[in-house]
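There are 4 protein chains.
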Amino acid sequence: MARSRNPAHRLALLAAATKVIAAEGLGASTASIAREAGVSTGTLFVYFETKAALINELYVVLKSEMGRAATENLQAGAPPREQLRSMWDHWIAWAVNDPVKRHALAHLSVAEELGDDSRLAVHAAYAGIAEILERIVADGPMREVPLSFVSTLMSAIADATIDDLIANPDPSGTRSTLAFDAMWRALGG
Amino acid sequence: MARSRNPAHRLALLAAATKVIAAEGLGASTASIAREAGVSTGTLFVYFETKAALINELYVVLKSEMGRAATENLQAGAPPREQLRSMWDHWIAWAVNDPVKRHALAHLSVAEELGDDSRLAVHAAYAGIAEILERIVADGPMREVPLSFVSTLMSAIADATIDDLIANPDPSGTRSTLAFDAMWRALGG
Amino acid sequence: MARSRNPAHRLALLAAATKVIAAEGLGASTASIAREAGVSTGTLFVYFETKAALINELYVVLKSEMGRAATENLQAGAPPREQLRSMWDHWIAWAVNDPVKRHALAHLSVAEELGDDSRLAVHAAYAGIAEILERIVADGPMREVPLSFVSTLMSAIADATIDDLIANPDPSGTRSTLAFDAMWRALGG
Amino acid sequence: MARSRNPAHRLALLAAATKVIAAEGLGASTASIAREAGVSTGTLFVYFETKAALINELYVVLKSEMGRAATENLQAGAPPREQLRSMWDHWIAWAVNDPVKRHALAHLSVAEELGDDSRLAVHAAYAGIAEILERIVADGPMREVPLSFVSTLMSAIADATIDDLIANPDPSGTRSTLAFDAMWRALGG
DNA sequence: GATGAATGAGCGTTCATTCAT
DNA sequence: AATGAATGAACGCTCATTCAT
Chain A
1 MARSRNPAHR
11 LALLAAATKV
21 IAAEGLGAST
31 ASIAREAGVS
41 TGTLFVYFET
51 KAALINELYV
61 VLKSEMGRAA
71 TENLQAGAPP
81 REQLRSMWDH
91 WIAWAVNDPV
101 KRHALAHLSV
111 AEELGDDSRL
121 AVHAAYAGIA
131 EILERIVADG
141 PMREVPLSFV
151 STLMSAIADA
161 TIDDLIANPD
171 PSGTRSTLAF
181 DAMWRALGG
Chain B
1 MARSRNPAHR
11 LALLAAATKV
21 IAAEGLGAST
31 ASIAREAGVS
41 TGTLFVYFET
51 KAALINELYV
61 VLKSEMGRAA
71 TENLQAGAPP
81 REQLRSMWDH
91 WIAWAVNDPV
101 KRHALAHLSV
111 AEELGDDSRL
121 AVHAAYAGIA
131 EILERIVADG
141 PMREVPLSFV
151 STLMSAIADA
161 TIDDLIANPD
171 PSGTRSTLAF
181 DAMWRALGG
Chain C
1 MARSRNPAHR
11 LALLAAATKV
21 IAAEGLGAST
31 ASIAREAGVS
41 TGTLFVYFET
51 KAALINELYV
61 VLKSEMGRAA
71 TENLQAGAPP
81 REQLRSMWDH
91 WIAWAVNDPV
101 KRHALAHLSV
111 AEELGDDSRL
121 AVHAAYAGIA
131 EILERIVADG
141 PMREVPLSFV
151 STLMSAIADA
161 TIDDLIANPD
171 PSGTRSTLAF
181 DAMWRALGG
Chain D
1 MARSRNPAHR
11 LALLAAATKV
21 IAAEGLGAST
31 ASIAREAGVS
41 TGTLFVYFET
51 KAALINELYV
61 VLKSEMGRAA
71 TENLQAGAPP
81 REQLRSMWDH
91 WIAWAVNDPV
101 KRHALAHLSV
111 AEELGDDSRL
121 AVHAAYAGIA
131 EILERIVADG
141 PMREVPLSFV
151 STLMSAIADA
161 TIDDLIANPD
171 PSGTRSTLAF
181 DAMWRALGG
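Chains as they are written, first to last, in the UniProt record's numbering: chain A, 1 to 189; chain B, 1 to 189; chain C, 1 to 189; chain D, 1 to 189.
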């Protein structure tokens, strides 16, 4: 057997892409990503067939990670509001503690080269969130609206909050609570 | 910078940039923008010193236009909810009736080359909106939050609504009303 | 008006491509061709959309030039054998006097990127040759064979002769005459 | 250089190179050749020091095979014309029955990396042909010309015929006979 | 010997910008 | 002012070759 593919390289490339894309946007060159990862330009293309493939894969990884972070430690039997609040807190924490990933993801989400399959691949990680959201919305004023729209709305509010908290940190958590309450009201919960 | 001799060229270039950036994203070449405008590559640089300058200027133009559209025909004495609803309707209408501008603006808003001065230059066009927002928020749960955050929140909800309406048109206006109500609740109005 | 396209650049690029391709084959880089022509890499692509376009155009230019050289000073009323001999002599002279063009053409003729349109574009320059050939072959043993095959045969004999004469010059012309006679016999003239 | 352990790999690589070069030309990558042969990229370089070495070796193999095919079943005592005709027939048959080898050889014959030693290595396989040719030419008009030129001439005629027969098959053999007669006349036999 | 990941020079092509006309 | 040819750095990607396993 030859040297087998080194998973560390794959991870290093994804981490490097996260960092470089966060800093320079999607225009970041594959050369700079490879350099940051400590491998040669050619090696990048061993692990990702094209730059577009790297972008798509990184999007799936980060977006899924964010979804998983949000649903961590969810109390199955807890009341919906508490469940949503837990999600909210984890979500905000993930983004605020790792603003580089959050920035990279913001760029990736609007990438021209993002394929439908990537957007689809991410859905699984958001099934838990969708379920909770569905229950909350079920008897409220938004019960007729497609869940995807409700979900987009929540994401929009969360993203706005995250950007605000990264720009002006608020360790007390007051602003996060206020924003959560606003979202809760919006959902009609 | 100085007002150029032929304002028609300037406008043609901005219109062309809107169309081409909406279609191809920020990667659109200056050559393709000039071609679309019916002028030469050199002429583009007579009116805009660099591509970044064009992007910034177009951002200011479109974003301001959107703000102005939102505050059109505002009834000075009307109750805040009605004022906000008027704004909301005008805002949504502007974007839905001109999805090309909306798409271009979506790209421009995340442009790497966007300067703080451009973001600032736009504020004037949003003074009216801010004023109304301030009054609405004044006695509600969000009274302690910086107005800029409230404003960002509203934009986020509006943008989500607009994208949804462009993707799945709803001539009845039901979804727009539902989204407005959600926003109204979020603001604590 | 701006600077207009400089025909000298086009010619310089074709001449440079001839020289570099003769020396290095079709693997010659566009950069080396541009350098040899004294222009920048970008300029090459102003005059030729792709490397393949340059290769095709150069093929048409050289092949046509060779055809035109062969039919130069043709005596309309002369006997077929003398006409063919004149063509033969001009053809051999063109190739032997400009071995660089001959070598470049040898490479170009087998280029993967050569299109049917280029092969077609060249035909006009060979109409005169074909006509003579037709008359010569008309009553001989090859009268049933497609003219294109006869033509290929003649080219093959000529090319072999040319390569031999370039490798081992023969100013006396003896070998050329011997080869012509062989071809004449082959054609059944 | 030293006979390698596993001759099957060597043969598989040569066969794969034949196929891939016939289809894609000399630009074919060593990786694609190795894949076609069912071995790894590294293994290719165990059997052939460089790509150029593989090309040279394959040229020698195919060209020699062609020469051997031509002189197969030669009747020692038969009249020269019949001997030449037998050669011609075997030669044409080899190429027409295996157009992939013929195409590969056509590419290899003009390879930049082809060395004089390879051209020389092939001569042995053509000794028989040369001998017959020499006898045929001995008393004819081409008796003063170097035999190598006569040989090149014959190859040129044969190649042209082969390409024509591959492009437009002629099972009746009429065209092959016509071409042979033309060559016979050219040689002054 | 066999493997295939790793390498990095090199490729064709693009494009923001300049400047002679 | 308007033009578009000219520029050359930069890009994504390929590939012959090496070498750790």
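Heads up, some of the hints might be wrong.
Here are some of the chain C residues that sit facing chain D, going by a computed Cβ distance under 10 Å [to be verified]:
{"#": "1", "residue": "S29"}
{"#": "2", "residue": "S32"}
{"#": "3", "residue": "A138"}
{"#": "4", "residue": "M142"}
{"#": "5", "residue": "S148"}
{"#": "6", "residue": "V150"}
{"#": "7", "residue": "I157"}
{"#": "8", "residue": "T161"}
{"#": "9", "residue": "W184"}
{"#": "10", "residue": "A186"}
{"#": "11", "residue": "L187"}
Calculated from the structure, these hints are not laboratory results. Each residue gets a CB set at the ideal place from its N, CA and C atoms; glycine is no exception.
Check: Does I157/C meet its interface restraint, that is, does its C-beta lie within less than 10 Å of any C-beta in chain D?
Finding: holds, 6 Å
Notebook entry, point to check: Does the CB of T161/C sit less than 10 Å away from some CB of chain D?
Noted result: holds, 8 Å
Next item on the list: Tell me if L187/C is really an interface residue toward chain D, meaning its C-beta lies closer than 10 Å to one of theirs.
Entry: holds, 7 Å
Check: Any CB of chain D closer than 10 Å to the CB of M142/C?
Finding: holds, 6 Å
Check: Against chain D, is W184/C within 10 Å by beta-carbon distance?
Finding: holds, 9 Å
Next item on the list: Report holds or violated for the interface hint on S148/C, using the least CB-CB distance to chain D and a cut-off of 10 Å.
Entry: At about 8 Å, which falls below the 10 Å cut-off, the nearest Cβ of chain D leaves the hint on S148/C intact, so it holds.
Notebook entry, point to check: Taking 10 Å as the limit, does the beta-carbon of A138/C come near enough to a beta-carbon in chain D?
Noted result: Cβ of A138/C sits 15 Å from chain D, so the hint is violated.
Margin query: Under 10 Å is the threshold here; is the Cβ of S29/C close enough to any Cβ of chain D for the hint to stand?
Written below: Violated: closest Cβ of chain D sits about 14 Å from S29/C, beyond 10 Å.
Checklist line | Agreement of hint V150/C with chain D interface, Cβ distance less than 10 Å | finding: Because about 9 Å separates V150/C from the closest Cβ in chain D, which is inside the 10 Å limit, the hint holds.
Margin query: Please check whether A186/C passes as an interface residue: C-beta within 10 Å of a C-beta belonging to chain D.
Written below: holds, 4 Å
Notebook entry, point to check: Was the hint right that S32/C lines chain D, CB cutoff 10 Å?
Noted result: Where the cut-off is 10 Å and the nearest Cβ of chain D is about 14 Å from S32/C, the hint is violated.
When each numbered hint is compared with the structure, violations occur for hints 1, 2, 3.
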